[in-house]
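Chemist: For reference, the chains in residue letters:
2 protein chains.
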Amino acid sequence: MTVKFRKLALVGIGLIGSSIALAARRQGLADVIAISTRRSDTLEEARELNLGDAYTLDPAEAVRGADLVILATPVGAYEAVMKAIAPALEPGAILSDVGSVKRHVVKVVEPLVPEGVHFIPGHPLAGTEHSGPSAGFAELFANRWCVLTPGPQVDKAAVEKLAAFWRAMGSNVETMDADHHDMVLAITSHVPHLVAYNIVGTVADLEQATQSEVIKFSASGFRDFTRIAASDPVMWRDVFLTNRDAVLEMLGRFLEDLSVLQRAVRVGDGPALEELFTRTRAVRRSIIDAGQETAAPDFGRPHEAPPVPEVATFVREHGGGDDA
Amino acid sequence: MTVKFRKLALVGIGLIGSSIALAARRQGLADVIAISTRRSDTLEEARELNLGDAYTLDPAEAVRGADLVILATPVGAYEAVMKAIAPALEPGAILSDVGSVKRHVVKVVEPLVPEGVHFIPGHPLAGTEHSGPSAGFAELFANRWCVLTPGPQVDKAAVEKLAAFWRAMGSNVETMDADHHDMVLAITSHVPHLVAYNIVGTVADLEQATQSEVIKFSASGFRDFTRIAASDPVMWRDVFLTNRDAVLEMLGRFLEDLSVLQRAVRVGDGPALEELFTRTRAVRRSIIDAGQETAAPDFGRPHEAPPVPEVATFVREHGGGDDA
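For the record, the sequence lines run as chains S and V.
First residue of the first sequence? That's 1 in our numbering, and the numbers climb one at a time after it.
First residue of the second sequence? That's 1 in our numbering, and the numbers climb one at a time after it.
Derived from the structure by calculation, the hints contain no laboratory data.
Simulated coverage check for chain V against chain S, where a stretch passes if three residues somewhere in it have a Cβ under 8 Å from a Cβ of chain S:
1. 120-131
2. 143-149
3. 194-205
4. 216-227
5. 245-253
6. 257-271
All values reported here derive from a predicted model rather than from experimental measurement.
In this text, a Cβ means the ideal position worked out from N, Cα and C, and glycines have one as well.
Please work from the sequences and hints to get the whole structure.
Modeler: Here's what the structure looks like:
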């Protein structure tokens with residue numbers, strides 16, 4: 001299905017908003033891309049990066065005449081944004097978002113959606129640890145999932161049109177209930193981020209000399225946690241403020257399991273440890289088989305070879321090229 | 001300093017042992033490399049990979065005449081290996097290892113070291129989630145740290161010779177006390193692995209339908225944990241059996257902090273969450289600045305672009321090449 005919108009309005013232009021702008025333009029999914037954001041310096045940055053066709057600090061101006069509006073601000077800003085844009089939304093327009101929680105978004109946004117506007121909450125499961133308009137890239141959504149959580153009353157053709165938009169940017173699309181989304185994301189994304197933030201915080205609280213050593217020796221495991229613990233602080237604050245119940249439920253399961261593991265360490269239960277450590281390997285294999293992870297060791301991080309003593313040997317083995 | 005050994009004996013030929021074999025040969029650090037391992041199929045695999053010059057199931061035969069012996073089996077096998085090789089160790093030889101814990105190694109190995117042999121425990125802080133002889137590569141130690149924990153009575157020249165061996169393979173070398181090593185590694189490596197194994201275990205215990213969704217949506221955070229939770233089970237069992245006290249101490253700190261964070265989520269303390277999430281970003285920057293991590297987003301994982309509708313545009317932007 002070929003999909004094309006007359007005007008795409010992006011309210012918020014961080015990592016996700018800017019990646020949508022770049023991907024939509026690259027794939028030719030909108031005649032006009034209008035960008036709105038709260039801070040003038042961010043708007044200027046978006047303009048310098050040439051992310052869209054029109055730039056404004058007024059979200060109502062951005063959404064006027066748009067047949068696709070996507071909210072891409074932190075979730076905590078949705079209510080204020082909706083109050084500002086509701087009078088300017090066109091009947092027949094699709095209104096969506098990219099927030100990491102969905103039940104809260106429905107609760108806050110739905111009452112403010114004007115008659116005739118198709119509200120379809122969305123969540124692209126994609127991102128990096130970088131933030132802001134310059135962090136975006138057109139390939140971000142390729143082979144990643146985008147979850148849509150339309151209410152039962154929403155127009156099916158509008159849902160299919162939005163799904164086609166995401167598929168055109170490279171995503172796989174799945175629809176589900178908002179509550180189910182929040183529960184699955186709690187264990188897939190929210191608790192992992194909480195745990196990563198927590199262990200990095202534990203290290204940040206160590207005395208200075210020890211902390212320096214942890215940083216130096218971080219390749220032995222710790223650094224894997226620091227990537228997601230470097231994600232956007234405001235976005236993640238809002239996730240935990242708005243998906244509390246599911247996060248506390250999944251964190252509870254994690255802590256129960258950790259108590260059992262802590263006890264196995266304390267009593268020296270080797271067979272129990274080995275059994276768990278063997279079982280967990282299969283999960284990674286499943287993720288690689290599902291095409292959601294690289295099979296390359298160490299995430300494919302670069303490993304540079306030290307120079308070898310003799311030049312002749314080096315040229316023979318490496319063709320004299322730069323293998324960094 | 002140029003360093004060269006007559007005979008390097010590797011007892012154990014997994015990821016680390018095979019990487020030492022490849023790096024030592026590439027850098028010309030030994031005239032002969034002898035390889036010993038417990039299982040005949042592993043020994044055959046090492047032989048087919050051409051990792052050394054001599055292969056034997058008898059560790060005593062491997063170490064006979066060696067001036068550098070490195071134990072590279074799981075730590076739990078050290079006592080049996082030492083009893084087998086002690087009579088064959090040459091006076092003047094350096095005996096080292098690559099185990100992830102050091103106090104326990106000293107306790108087990110030191111009483112079995114013959115007079116005149118220089119025992120210098122070692123730990124290269126390098127690895128991937130892959131295991132076995134075929135997982136090794138010569139670049140594994142480049143720009144990684146290798147920690148040596150020689151006792152106070154050990155010959156300084158022997159320590160310097162072993163340090164030069166590791167530096168020639170690309171490592172940075174640091175010496176410290178065995179207890180201090182175990183404490184720093186508990187928080188840098190052991191607790192992160194325990195937490196990663198635990199959260200992957202929590203997912204593995206979910207009902208099948210939910211587990212499938214977690215795997216599908218794992219790019220939203222979870223998959224970062226699965227890498228270290230796919231590491232060698234026997235090696236990691238032995239780590240937790242032999243560094244119990246330091247692991248429980250650091251796990252205790254982690255759990256205290258997690259209780260505070262859990263409460264912040266429960267009461268909806270936005271400022272506390274945002275403060276922690278901001279502070280943790282700095283730690284990752286320090287690791288990147290220290291050259292221990294890639295600055296590329298998403299660990300530099302590949303992102304493939306979806307095809308764009310028009311061939312002409314694709315060729316213009318990508319030169320028609322394969323960008324996978």
